[in-house]
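J.: Sequence:
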Amino acid sequence: MHSIPFTFIVKKRQIRVIKSLNELLVMSKRAALICNGSINTKFLYSFISENDFIIAVDGGANKLAKTKFTPNLIIGDMDSISKNSLKKFRKIKQIKFPVEKNEIDLELAIDYCIKKKFKEIIILGAIGTRADMTLTNVFLLAQIPKKIKTKIIHENQEIYLIPKKKFLIQGIPGEKISLFPIKGNVKGLNLKGFKYELKNHELKFGLGIGLSNEFKNKKAWITTKDGLLLCVHFRKWF
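Here the working numbering is used: position 54 in the sequence shown is 54, and no number is missing along the way.
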């Protein structure tokens, strides 16, 4: 889908051309947001599907320009996208914002995805060398409706919120996982299926007890009574 602006759909010997952005939005249930942070472009091939609606978040277009992927949309204030990337993607729709604004570019891209009712969002390139930007990008997860499955992917790490009070999480025995409360303390925390299990624990904001746990089984349970948990899951993908 992403090597050319138009897509050919073959069904029952009929060929039609998908020309409009709206048609692509209807077809795509997942949005892939590519940011300008630290990212090894080879990982894009592992995580982006041909059915994804790809959004280049400003300088994220520079990352895509080094791959076979073409964004369906470029969004941001365009202060970090290179002239070469702009030239390469000159036929791609852009939504441009002023440089001086209250929202960061990723926030604007997320707002777009919410308005277009995507069911899932993956974000790549959101982790970088600036601690303030990285923290802001991660905390943006708390502003996304829980019904939208959202995760930040950074190499072998998945960062996401635990979306409900009783949550089944799957992994490989030995994979590490860290849990952080991000809106005050998390009360009534129970961990089952991990190396370090907890029962009716209050996980206090700012303490490190949730750091570097491990999967003991392929399936594990996280339950809470109150509070919001951020999860960093270290996958054994590579």
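Keep in mind the hints are simulated off the structure, nothing from the lab.
This structure is a prediction, so every number in the text was calculated from the model and none was measured.
Don't take each hint at face value.
To be verified - 25 Å max Cα-Cα, derived DSS-like pairs, lysine-lysine: (1) LYS68 x LYS83; (2) LYS66 x LYS151; (3) LYS83 x LYS149; (4) LYS218 x LYS151; (5) LYS116 x LYS83; (6) LYS204 x LYS216; (7) LYS216 x LYS236.
Stated by the list, open to error - FRET-style restraints, in silico, Cβ to Cβ: (8) GLU100 x ASN217: 46 to 54 Å; (9) LYS115 x LYS219: 30 to 38 Å; (10) LYS219 x GLN94: 38 to 46 Å; (11) LYS236 x LYS83: 35 to 43 Å; (12) LYS192 x LYS42: 18 to 26 Å; (13) LYS199 x LYS29: 21 to 29 Å; (14) THR129 x PHE47: 19 to 27 Å; (15) ASN51 x LYS115: 40 to 48 Å.
C-beta atoms are modelled at their ideal positions from N, C-alpha and C, and glycine is treated no differently.
J.: All the hints need checking, so say for each whether the structure fits it.
T.: Outcome of the hint check:
Only pairs whose Cα atoms come within 25 Å are accepted, and LYS68 paired with LYS83 is accepted, the gap being roughly 18 Å. About 23 Å separates the Cα atoms of LYS66 and LYS151, which keeps this hinted pair within 25 Å; it holds. Restraint check: the Cα-Cα separation between LYS83 and LYS149 comes to about 34 Å, which exceeds 25 Å; the hinted pair is violated. Proximity of LYS218 to LYS151 is assessed by CA-CA distance (about 20 Å); at most 25 Å being required, the pair is judged to hold.
Annotation: proposed proximity of LYS116 to LYS83 is violated, straight-line Cα distance about 29 Å (limit 25 Å). Distance check on the hinted pair: LYS204 and LYS216 sit about 24 Å apart at the alpha-carbon level, within 25 Å; holds. Taken as a hint, the LYS216 and LYS236 pair is honoured in the structure, with Cα atoms around 14 Å apart against an allowance of 25 Å. For the pair GLU100 and ASN217, the beta carbons lie near 51 Å from each other, so the given range of 46 to 54 Å is met.
At about 35 Å, the CB distance of LYS115 to LYS219 agrees with the hint of 30 to 38 Å. Between LYS219 and GLN94 the C-beta distance comes to about 44 Å, which sits within the given range of 38 to 46 Å. Separated by about 40 Å at the C-beta atoms, LYS236 and LYS83 satisfy the suggested range of 35 to 43 Å. Distance hint for LYS192 and LYS42: a CB-CB separation of about 36 Å, inconsistent with the stated range 18 to 26 Å.
At about 38 Å, the beta-carbon gap between LYS199 and LYS29 misses the expected band of 21 to 29 Å. In this structure, THR129 and PHE47 meet the distance hint of 19 to 27 Å, their C-beta atoms being roughly 21 Å apart. Restraint check, ASN51 to LYS115: a C-beta distance of roughly 20 Å breaks the suggested window 40 to 48 Å.
Against the hints set out earlier in the document, violations occur for numbers 3, 5, 12, 13 and 15.
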